[in-house]
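Go ahead and model the full structure; you've got the sequences and the hints to work with.
Number of protein chains: 2
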Amino acid sequence: MNWQPSRQGEITLQQQIETWITEHIERGDWVAGTKLPTQRQLAMQLGVNRSTVQQALEELKAAGILEAKVGSGIYVAHNSWHSLIKQTQPNWQTYIDTSLHKPNYHTIQLINEYEQRDDVIRLGTGELAPSLLPTTEIEASLKELSLEPKALGYSSPQGSNQLREAICEYVKKRGIHANPQNICIVSGALQALQLIAVGLLEQGSIVFQEQTSYLNSVHPFQSVGMQMMPINRDEQLAQTLVQKKRNRQAVFYAVPTLNNPTGGVWKELEKNQLYEACKQSRIPIIEDDVYHELLFEAATSPIKSMDDSGQVLYIGSVSKTLSPGLRIGWLIGPTTVIERLADIKMQTDYGSSAVSQEIVLHWLQTGKYEKHIKSLRKELLRRANFVEGILQESFTEIASWSPSKGGFYIWLKFDEPIVDKELFTKLLQRQILINPGYIYDPQDTQHIRLSYAYATDEELKIGLQIVHECVVEAIVKRHKE
Amino acid sequence: MNWQPSRQGEITLQQQIETWITEHIERGDWVAGTKLPTQRQLAMQLGVNRSTVQQALEELKAAGILEAKVGSGIYVAHNSWHSLIKQTQPNWQTYIDTSLHKPNYHTIQLINEYEQRDDVIRLGTGELAPSLLPTTEIEASLKELSLEPKALGYSSPQGSNQLREAICEYVKKRGIHANPQNICIVSGALQALQLIAVGLLEQGSIVFQEQTSYLNSVHPFQSVGMQMMPINRDEQLAQTLVQKKRNRQAVFYAVPTLNNPTGGVWKELEKNQLYEACKQSRIPIIEDDVYHELLFEAATSPIKSMDDSGQVLYIGSVSKTLSPGLRIGWLIGPTTVIERLADIKMQTDYGSSAVSQEIVLHWLQTGKYEKHIKSLRKELLRRANFVEGILQESFTEIASWSPSKGGFYIWLKFDEPIVDKELFTKLLQRQILINPGYIYDPQDTQHIRLSYAYATDEELKIGLQIVHECVVEAIVKRHKE
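Chains A and B, in that order, are what the protein sequence lines are. Quick note: the first sequence uses this note's numbering, first residue 1, plus one each step. Quick note: the second sequence uses this note's numbering, first residue 1, plus one each step.
What the hints contain is simulated information worked out from the structure, not anything from laboratory work. Wrong hints could be hidden among the right ones.
Identical copies go unnamed one by one, so any copy, or any two together, can satisfy a pair.
[To be verified] Straight-line Cα separation of at most 30 angstroms, BS3-like style, residue types lysine-lysine; simulated pairs:
hint : residue 1 : residue 2
1    : Lys368    : Lys150
2    : Lys413    : Lys426
3    : Lys245    : Lys35
4    : Lys172    : Lys368
5    : Lys143    : Lys61
6    : Lys102    : Lys245
7    : Lys477    : Lys371
8    : Lys150    : Lys421
9    : Lys267    : Lys374
This is how it looks when you write it as C-alpha cells:
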C-alpha cells in the first residue's frame, strides 16, 4: 500500500481516494467484510489530512460501499444489492479469521510496515543500517563466485555440504565440536525456531524463557499451541523446572550472549548453572547465539561448548553481521534431531537459497567474514558511545540504562510507566518508530529497545530529542491525572 | 550420512562400522531409542555386504549398546548401566515422535536421500538436469548485478517491490492483471501452499484435489490437520462440492497446465467449468501454474485470467525453469489475502533471499528468462521424443502412456499392478531411483512418474532397461503366485 494521491492535476485528493478504495473493492481485492485501516492510519499512509480521509469515507458509506460498525471501525459492506461487491466471492475474511496461525501483534505489523518507509526515523530496528552492510564487498564477491551446476538444483535436506563443513570450522573457535551431519542450514534463526516448534514439541509443550524475551515479539511456538513460561534462574532452577513442567514436554530458550532486547550477557557460571539444571531435569536447551560476534569484549564460550550429551540445540546466523537479506542461519544438534528437522524443512520450503549459501561459504572460507565483523564491531562501539553520550546529556532525569556490551541495543528504562501504545502511536505520528518494551514483555511499561545500529547520527539525535519531548509530555499528563 | 568404511589400512570393515556406530552414540548423536536403518539400508549406504553389517550389529548388541525388538528392528539401547549411553539426555526420540509435523513418507525420505548420491540414476526426479540449468549465464549475471544496500536488509513483508512489478508485467502476458500489492514473493511454490494452509484455513478444512495429486507426496495441508478429498470434475461439480464440504471451509487445489505427475493439460472449457463451479459454491481455487512455461505448444490462459472476483490464488515459480536453488516463487491474490499471508511469512522466515530476488528480477527485466525458456523447451522436447522412442521400442507390451505435452514427465502406466515398495527397493538396489505412483495416489499400483528432464540419454537408456527387467521379473513372479 504505497500509493499516495497526486497533488497535481484536477482531481481532488478526496476523489482520488474514493476511486482508489472503489477500485480495490471492484477488483475483489478488498473483500466484503474487510476492515479498513483507521482514519488516522489512512491519513498517515496517504499523506493527507484526516478530514480528507473522513470525507472520502463518508461518501462511500453513503453509496453503500462501506459500512461503519459502532465502536469497531469501517468495513467493506456486505451489501447484496451493490453491483461493486461480489457476492460470489469466497468469504476471505472468515477464512483469515478462523485459520490456524496467529497474526502478528498490531504494533509489530505497524513496525514491519513503517520500516519500509524512508521518511521515518527507526530507533528500535533490529537490523544493521544499510551503510553498515558490506554491500560493495558482497557485490564484488558475487563476481568471484563460481557456481557448480549441481548447487543450483534442489538442495540436500540439511543444506550445502561445503557450507556445513565451513561452519564446523567456524564454530570450532567457539569451542563447539560438530560434524556436517550435526548441522542444518536454515533461512535465518526464526526458521530454526519454527522447525523446532513443529518438529520436536507436542501441543501444549512448555517453552521456558526469561521474563523479557524476543520470543514474545514473534510467534513460532505460540502459533502452534505451545505455552510460554517466564522463569527466574535462581539456585532452585532444576527443581522449579521439574515442578512447572509437570508431565509435559519442555524446552528452555536462552540468549546468553547479548540478549535481545535487554543486551544482557551471562557469566560462565550462569551458563553452567542453566546447563546443569536442564541436564538434571532432562530439558533440552535452545541456545540462540546470533549476536555473539558483536560483543565488544572477547566472548566467553557458549553453552553448546559444555554440551557432552547432545542436550543443546545451537542457533547461529549471518543476519545480524553480514546481511539479513541473505536469509542464512544454522542449527547445530544431535544427528537424530537434525535429520528430523531437515526432513521438515524439505516439506516446508525445499531448502534455503543456493546462491545465498554460496555467498556465506565464500565469506567464511576467505576470512572476509571475520575481517568484516572486526570493523563492524568498531563502528557499533562508536555508535553505542555516541548514543550513550546523548542519553547522558538529556535523559538522566527521566531514564536509566546500562552501557551496551555489544550488539545493537540499549535497553532504556524510563523512571515512570509511560511506554504504551499511545506513546508508540504519538511517536509514529512524528515519524519516529520505536520498539516498545511491551512487545517483549506484555507487562512492561517502562522500557524501549533503543537501537544504535540503524539510524544515522543525525537521526539518532533528532529522534531521541523527539522521544524526550513525548516522554516528558506523557509524564506531565500522567501526573495531572 | 555419507561415510563409508575404507578398504585400505588394517582395520576391518566390520570394526570400522562398529566404531562409526559407537561414536554416533557416544557423541549423543544417536540417542537412546533411536531406530537404526535396516541391515539392507545400512549395507547399501555403507557400500558393504549385508553380512558385514549384520556381524557389526551383533557385536554391539552383545555389548549392550544396541538392542533388537522383535519384528521392529534394531535400536540404540535404553541401558542404564552402559557408560556410553547418556542417561541425562533429553528423550529426543519421544520429542520427535509426539511432535506436530508429520515426517515425510519413507519412500520420499529415501528419494530425498538418494537424490544426493552420484552413483544413482534418477528416473523420476522433478528437477532439471544440472546441464539444463543456465549455470554459466547465472554466474555471468551475478557480475552484472548491482546491489542496493537496502536490498540486503530485511525484506518488506511481500518481498522486493521491483520484483513484484516485474512479475506483474510477466503475468500480464498470461492474461493476469495484478498490482504489486496483489503479490507475495515466496521461497518456492511449496511455501505458498504452506502459508495458505496455516493462514487461510481452519483445522478440519477440506482440500479438494484430483485423485492423483502432487499434494499427496508433500504435507503442507495434512500436517496442520486439513482433510484431502479427491474429486471428479464432472457436470455435477458445483453440487458435489457443496455436498462434500458440508459446513466446513474448503479450497480447490488445481494444476490445470502440465499436471504433476500425470502431465495432463486442461482444455479452456474445463478451466471455465471449475471456475464457475467454485464461484457458485464460493470455494477458493489454488491454481498451481509452475510448469506452464514448459508446454511444448502455446499455453492457453490460466484460470486466474478468468477471475473477476478475487477467487483464485495463483502460484508461479522459477524452480522448474531457471533454478530450484534460487527458491523464488510468487503468490497472486486479493490484497486482503496477500497481506495476511505476507504477515505470516514474516513470522516464518522474515522473507526470501534478497540476492535470489535480485537475480530473478534481472532475468525477467533483461528478457534472459524468456529466451532461456525457449531453448529449454526445445531440449525438453528432444528428450521427451528420445524417451518415447525407447518406450516404443521396448515397453509397448507391458505398459502404455500418452505422449508428453511438455514439462518433465511421462505418466507411465504398466498393464499389471506391480508398482509397489518392493519394486522401488529392488530398483534402488540396482541404483535406479524411481518416483512410484503410490506417492501421488496411495491406491495406485500401476504408474511411475518417468522424468526425462534429469538423467542423461545414456542413463535413461540403461535405467529404462533395468526398469524393464525388474518389471518383467515382478510380472512373472506375480503370475506364479
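>> Going through the numbered hints above, which ones does this structure break? Give me the numbers in ascending order.
In response: Of the numbered hints, 5 and 7 do not hold.
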